[in-house]
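Assemble chain P onto chain W, guided by the hints.
There are 2 protein chains.
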Amino acid sequence: MAILVVGSVAYDTVETTRERRERQLGGSASFFAVAARGRGPVRCVGVVGDDFRESDLGLIRSSGARTDGIVRRPGASFHWSGRYHADMIERDTLATELGVFADFQPEIPRDWLDSEYLFLANIHPTLQAQVLDLVTGPRLVALDTMNLWIETTRPQLLEVLARVDVLLVNDGEARMLTGERSLARAAAAIAAMGPGRVIIKKGEHGALFFGRDSVLAVPAIILDDVVDPTGAGDSFAGGFMGSLAEAGATRGDGDAVFRRAMIDGTVTASFCPEGFSVEGLMGVTDESYARRKAVLEGMMIP
Amino acid sequence: MAILVVGSVAYDTVETTRERRERQLGGSASFFAVAARGRGPVRCVGVVGDDFRESDLGLIRSSGARTDGIVRRPGASFHWSGRYHADMIERDTLATELGVFADFQPEIPRDWLDSEYLFLANIHPTLQAQVLDLVTGPRLVALDTMNLWIETTRPQLLEVLARVDVLLVNDGEARMLTGERSLARAAAAIAAMGPGRVIIKKGEHGALFFGRDSVLAVPAIILDDVVDPTGAGDSFAGGFMGSLAEAGATRGDGDAVFRRAMIDGTVTASFCPEGFSVEGLMGVTDESYARRKAVLEGMMIP
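Respectively, the protein sequence lines represent chains W and P.
According to this note's numbering, the first sequence holds residues 38 to 339 in order.
According to this note's numbering, the second sequence holds residues 38 to 339 in order.
One chain only, chain W, in its complex shape:
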């Protein structure tokens, strides 16, 4: 069953202590699509400028995703530039040039409107709501957001939250959104806003799943070497939604299928920081995936 993702398709300039990469493929929809590895399949909706290389759209397609919903507009593509600290966790944003993304209006190809799964990546909550107005009854809707929207567009965010099934946020955002220090209380407060399931991402410390009647803590797989962590959160979402689509999950299901999807999200996300841009994700094979899944399960089962 198909997964529709609406988000950014961008260029990232990333600097680490070891290397600097200029204008490499980035953006939430790109990472999500490549991470989902053709499960679904994935249909991407976004916007790029006339500077966007056709070969980068080709990179997304090579994962099995469709890019017909990525429109090209005159102007520059969304460009984010950042520098990671030596810990490869903290980072400074050096520039955010929205370009054509500033006027992004999601246009969904007519035959994609019945996509069964919808991932609303981190964009303005009003745009997220517009997408929800267009689609025709998806089985499951997940939404990502960020501190910017929590701070500047809270009413719109709350409105769209009431209409989704799963919220993915990091721990700081969960606390900011709810004013609760305890993540258990924050998750309960978010559930009261609408999303029956809440995923709290904690980067190198893994992720927490707060379900209907269970909680799951999934550790991050411990990597020997981190090359570029950009996009790991969206990669998690891609693995998570891909898993749910493959299983044919619906919002009415019990927690079990979501707990399994947490594992797939975590395994998937672990490949992302091992390369720049989507390189780490592109190298995943069924074998390397299964091997890493076994490592994760070994880390979890007492």
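What the hints contain is simulated information worked out from the structure, not anything from laboratory work.
One copy or any two copies: either way a pair holds, since identical chains are not told apart in the list.
Heads up, simulated SDA-like pairs for lysine to any residue below, C-alpha to C-alpha not over 20 Å straight-line:
1. 239 with 125
2. 239 with 124
3. 330 with 250
4. 330 with 221
5. 239 with 126
6. 239 with 185
7. 239 with 221
8. 239 with 127
9. 239 with 209
10. 239 with 215
Source: prediction; values computed, not measured.
Same frame as chain W, now just chain P:
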């Protein structure tokens, strides 16, 4: 089988945003002993001043531990004073008055020298080595340390590390000790220093166990309310060592018994922040323990 713990027995003055408690029972040996809940049983070695209340030694004994090895010296007891930030994680140390602890020389009652398990809490590594010289072949030795000793007494610390089976440190200390950013690499580097097993404590993010041929990530149990997190690390150690002693574990065993002990350490530690001083630990019953263990397992098993 008996557990010998050598560490501090102290008074803590703790300030949180809600409350301030003056000179409440603290110290690594105190938390460890109460946390172990009579498993072992636990034999405490430490020093207190003439200001130390007999009733506080009674608190330790009420958990089933023996306090014959806690000697009383003229002068003030070790006193630590700190203030927690609103997040209940960050804290500022306001005062550290060593008192009689400055001249602490561990004196071990003769009939305790054959204790099967030894926990060397966070004290000067030369004192830790002295204890190791005295005891007669324990089945298992675990050691805790801190940034102060890593920075100021590195050669002595490395010497004692070569003689222990399990090291417990937090993530920052593991990185400082080894110079490795990756915790996988840090754990491997520590194992090469001597301890075949390494536990990396991450506070609210749980703990990692690096065993002979396996890794286990145990999440922290998510608490609704944190009253005073002081002593949670030593409580973890108490639950961990208590579990190993109850199982009769030896250093030659496979990882399985240590993985189970990680669960017991985590369950035990979760009670500590729910009250000031050892209050949270004192309230533990077999029922509340079993309930919380079931919660933790539910959080871990995919």
